[in-house]
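Colleague: Residues per chain are reported as follows:
2 protein chains.
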Amino acid sequence: MDNEIKFKDTNVALIGVGLMGGSILKALKSQESRPKSITAFDINNDILAKIERKGLADIATDDAKTALKDADLVVIALYPKLAIEFVKNNANSFKKGCVITDICGVKREIEEGIPSVLPEGVIFVGGHPMAGREHKGFNYSTPDLFLGCKYIITGGEKNAVKLVSEFADIIGANKIVFSSSDKHDEMIAYTSQLPHVLSVAYMLCADARNVEDFSAGSFRDITRVAMINDEMWSELFLENKDKLLEEIRSLKDGLEEIENLIEQEKRDKLRSEMRRAADMREGIMG
Amino acid sequence: MDNEIKFKDTNVALIGVGLMGGSILKALKSQESRPKSITAFDINNDILAKIERKGLADIATDDAKTALKDADLVVIALYPKLAIEFVKNNANSFKKGCVITDICGVKREIEEGIPSVLPEGVIFVGGHPMAGREHKGFNYSTPDLFLGCKYIITGGEKNAVKLVSEFADIIGANKIVFSSSDKHDEMIAYTSQLPHVLSVAYMLCADARNVEDFSAGSFRDITRVAMINDEMWSELFLENKDKLLEEIRSLKDGLEEIENLIEQEKRDKLRSEMRRAADMREGIMG
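Protein sequence lines correspond, in order, to chains D and Y.
For my numbering, count along the first sequence from 1 and bump the result up by 493.
For my numbering, count along the second sequence from 1 and bump the result up by 493.
Simulated from the structure, these hints should not be mistaken for lab results.
Careful, some of the hints might be misleading.
Any copy will do: because identical chains look the same in the list, a pair fits if it lies in one copy or spans two.
[To be verified] For lysine-lysine, the following PhoX-like pairs were computed, each having C-alpha atoms within a straight-line distance of at most 20 Å:
(1) K734 to K762
(2) K736 to K759
(3) K736 to K574
(4) K589 to K501
(5) K745 to K734
(6) K499 to K668
(7) K574 to K759
(8) K589 to K762
(9) K745 to K562
(10) K543 to K574
(11) K734 to K759
With the rest of the complex left out, here is chain D:
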């Protein structure tokens, strides 16, 4: 990609219209800064019909060739393995010089998988908007899903990165974070995957007890992400297995430390650890 291209001059193809893809379409519709055209691709014809009815795309199609023919920016909003497969299976249909980006929550898998099947003259930029919801599917998509989120970009050719950054900005991201895929996967294992593991493990500890009568804010917060999309998260967990296992083990050690402090009634040390945690949280979230 030798020349800089502006988002408003691109034909955009959005591949996959679930929670994330649907929210991208709705975010773009709510913006003044529209691209030249938007084509939405999905294999679910009910969703395509909804997209047409709501005027969320210029073209809604289940034919990949049609979707990719004129696309300057291809946003793939599929789970990681499907994203790689899509690029591989449609290698011949991409327009020469187009930019492909993804939205996957693991990046090493993608950075290894997509470039290896990328046709010549097509540029890839890995991306990850850090936003989500407890529910999945187009019906839960919302134009403000990405409002204020961080958008991680794992690098690529300069002008292509600029274009993806502009796209991120337009759908609502408030900060672009550049990161290696390795660093991304380590940090995400801690900041996002571990809370999901934790929330599931915690929820299952309820057993058959009637916890409802004894639940308040902390219970609600800790269990929110136990409303998990098992198909997606199980894939992400396994694709980031090494990093995630390290984080789970470190958390188990941390729990054991607190367990020991309580067991031995070391109240001063317990309090100083609590203060350290509170200070860290305050430093991060204000």
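Assemble chain Y onto chain D, guided by the hints.
Modeller: Chain Y in isolation, oriented as in the chain D frame:
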């Protein structure tokens, strides 16, 4: 307490005006249904001055005798050990026939401690409004802290329980839950103390890493209660040590189970455990 007494006919003494006590005063002020009088007791004269300035009580005093002299309902909003000590040290100042209630987050300690120092003719009803905030102190108190909360009552004499239930209702609770102190402490260990332990342990795993750039909703939720009041929670943890340790161990086992499923790539079982957790959460919170 042979006769039923209505909240509107009582002189109320509130003992301790921190986050909880302050929120009780503000909740009562915002209600049409006021008691005959409200006296606030605290040892902090700055707070007493604020209470007077805001008209939150008829009398604001640092003298326990004055506070208790005419009180029909004494609401003790102190940490557990201090609550027991307060009753013990002021045993002779309570009005005969008055009802004492507390708001402590552990109930076995209280149910053993207070009755043993209770003067004759004074009735105790254990209570626990399940509400709180990440911040402590009067300055963070708010009239809607108890809005919609569950209010646990661990039993007592019938008319006294009625009076405390009416008080709970007036400050905003939407459900009175009756429970033994043993059951309360077991359930609270799981629904409230464990999330706090968990949140602190999780937060400390961040180490020196820059997590801010990689944090989104799940991180925010899981770390909220790491903003912990170390003085109060360390006391509560130690007072409920046996029950809490059991919950921590059960959570560690649960984490280990998920760790093993990921390590052995047992995706089907991983997914079914996730679905089970999601179903449980949905069953509880809708």
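Colleague: Classify it for me, K734 with K762: is the Cα-Cα distance of at most 20 Å met within a copy, between copies, both or neither?
Modeller: The answer is between: 16 Å across copies meets 20 Å, while 33 Å in one copy does not.
Colleague: State whether the alpha carbon distance between K499 and K668 is at most 20 Å within one copy, between copies, both, or neither.
Modeller: Cα proximity of K499 and K668: one copy only (19 Å, versus 57 Å across).
Colleague: What label fits K543 with K574 when the C-alpha limit is 20 Å: within, between, both, or neither?
Modeller: So K543 and K574 fail the 20 Å test inside a copy (26 Å) and across (61 Å) alike.
Colleague: From the Cα coordinates, with 20 Å as the cut-off, is the pair K589 and K762 best called within, between, both, or neither?
Modeller: neither (62 Å within a copy, 43 Å between copies)
Colleague: Quick one: K745 to K562, C-alpha cut-off 20 Å, is that within a copy, between copies, both, or neither?
Modeller: Answer is neither; intra-copy 51 Å and inter-copy 52 Å both fail.
Colleague: Regarding K734 and K759, is the shortest C-alpha distance of 20 Å or less found within a copy, between copies, in both, or in neither?
Modeller: For K734 and K759, the Cα distance is within 20 Å only across copies (12 Å; inside one copy 35 Å).
Colleague: Can you give me the call for K736 and K759, within, between, both or neither, at a CA distance of at most 20 Å?
Modeller: For K736 and K759, the Cα distance is within 20 Å only across copies (17 Å; inside one copy 32 Å).
Colleague: 20 Å Cα cut-off: does K745 pair with K734 within a copy, between copies, both or neither?
Modeller: Both. Shortest intra-copy (16 Å) and inter-copy (19 Å) distances satisfy the 20 Å Cα cut-off.
Colleague: Tell me, please, which holds for K589 and K501 at an alpha-carbon limit of 20 Å: within, between, both or neither?
Modeller: within (19 Å within a copy, 80 Å between copies)
Colleague: Please work out whether the CA atoms of K736 and K574 approach to 20 Å or closer within one copy, between two copies, in both situations, or in neither?
Modeller: within (18 Å within a copy, 44 Å between copies)
Colleague: Evaluate K574 and K759 at a C-alpha cut-off of 20 Å and name the case that applies: within, between, both or neither.
Modeller: between (48 Å within a copy, 17 Å between copies)
Checked against the numbered hints above, the structure violates hints 8, 9 and 10; every other hint is satisfied.
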